[in-house]
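S.K.: In UniProt numbering, the protein residues as written are 1 to 190.
Hints were generated in silico from the structure; no laboratory data involved. One or more of the hints may lead you astray.
Claimed, not checked - The calculated BS3-like cross-link candidates involving lysine-lysine, where the alpha carbons are at most 25 Å apart (straight line), are: (1) K80 - K163; (2) K80 - K126; (3) K47 - K157; (4) K56 - K126; (5) K126 - K26.
Predicted, not measured: the structure shown is a model, and the values here were computed from it.
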Amino acid sequence: MGIILAPFFMIYSAIVTHFLVKKNKKCRSLLEQIAGIDSSWELANIKARVEVSFFKVQEAWMKRDQEIAKDYVSERLYQKHKAQTDLLIAQNRKNILENINLAETKVVEVVDYKDDSRDRFWVHIKGSMVDYTIDTNSGSVVSGDKSEAEAFAELWKYVRGPKGWVLDEIDQKVQIGDLTGFKSFSEEIG
Numbered sequence: 001m002g003i004i005l006a007p008f009f010m011i012y013s014a015i016v017t018h019f020l021v022k023k024n025k026k027c028r029s030l031l032e033q034i035a036g037i038d039s040s041w042e043l044a045n046i047k048a049r050v051e052v053s054f055f056k057v058q059e060a061w062m063k064r065d066q067e068i069a070k071d072y073v074s075e076r077l078y079q080k081h082k083a084q085t086d087l088l089i090a091q092n093r094k095n096i097l098e099n100i101n102l103a104e105t106k107v108v109e110v111v112d113y114k115d116d117s118r119d120r121f122w123v124h125i126k127g128s129m130v131d132y133t134i135d136t137n138s139g140s141v142v143s144g145d146k147s148e149a150e151a152f153a154e155l156w157k158y159v160r161g162p163k164g165w166v167l168d169e170i171d172q173k174v175q176i177g178d179l180t181g182f183k184s185f186s187e188e189i190g
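Could you build the full structure based on these sequences and the hints that come with them?
M.R.: What follows is the structure, given as structure tokens:
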């Protein structure tokens with residue numbers, strides 16, 4: 001069965017890659033234009049913020065302490081992650097993340113309003129990590145695989161916060177429909 005489906009997965013992957021490249025190219029061009037008006041849109045700064053926030057979110061998750069990531073996530077996402085980590089603590093569970101590798105980031109949507117109140121961007125991230133959950137009482141693995149790193153691809157949405165860009169949403173299932181639905185624009189440059 002796997003052999004029969006392999007060509008379809010390869011074609012689907014190629015289509016997703018095509019849309020990623022296309023969306024990223026458009027975003028890079030738009031970001032160059034917007035950054036001349038508003039430096040918070042500079043691609044290097046955006047990529048640096050994504051990288052720092054990615055590792056802060058992983059650290060906060062693993063330590064079950066969302067205060068670590070508070071300056072890097074929206075209040076809404078902070079509350080969601082806090083509820084999830086509080087539940088882990090109550091269940092005597094701890095998520096272990098090892099060999100964390102952020103391999104690639106590509107901006108795939110840029111939305112820039114004149115008043116900045118609804119500005120956002122989406123970034124496609126790829127990486128790998130060892131990800132498993134243990135019972136804190138016994139130390140036994142209750143889910144995941146501690147012996148092998150798994151690759152992942154996700155979409156992360158950033159919005160403007162009081163102190164800069166903050167992570168507001170994580171979509172762990174990247175689909176073609178997500179990518180085709182992204183419509184980049186800037187009211188600043190028309």
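S.K.: Are the hints correct? Go through all of them and say.
M.R.: Right, here's what the structure says about each hint:
1. At roughly 20 Å between alpha-carbon atoms, K80 and K163 fall within 25 Å of each other, so this suggested pair holds.
2. Of the supplied pair hints, the one linking K80 and K126 holds, its CA atoms being roughly 23 Å apart against a limit of 25 Å.
3. Taken as a hint, the K47 and K157 pair is honoured in the structure, with Cα atoms around 13 Å apart against an allowance of 25 Å.
4. Restraint check for K56 and K126: satisfied, since their Cα atoms lie roughly 16 Å apart, inside the 25 Å limit.
5. Using a Cα cut-off of 25 Å, the hinted pair K126 and K26 holds, with the two alpha carbons roughly 19 Å apart.
The structure shown violates none of the earlier numbered hints.
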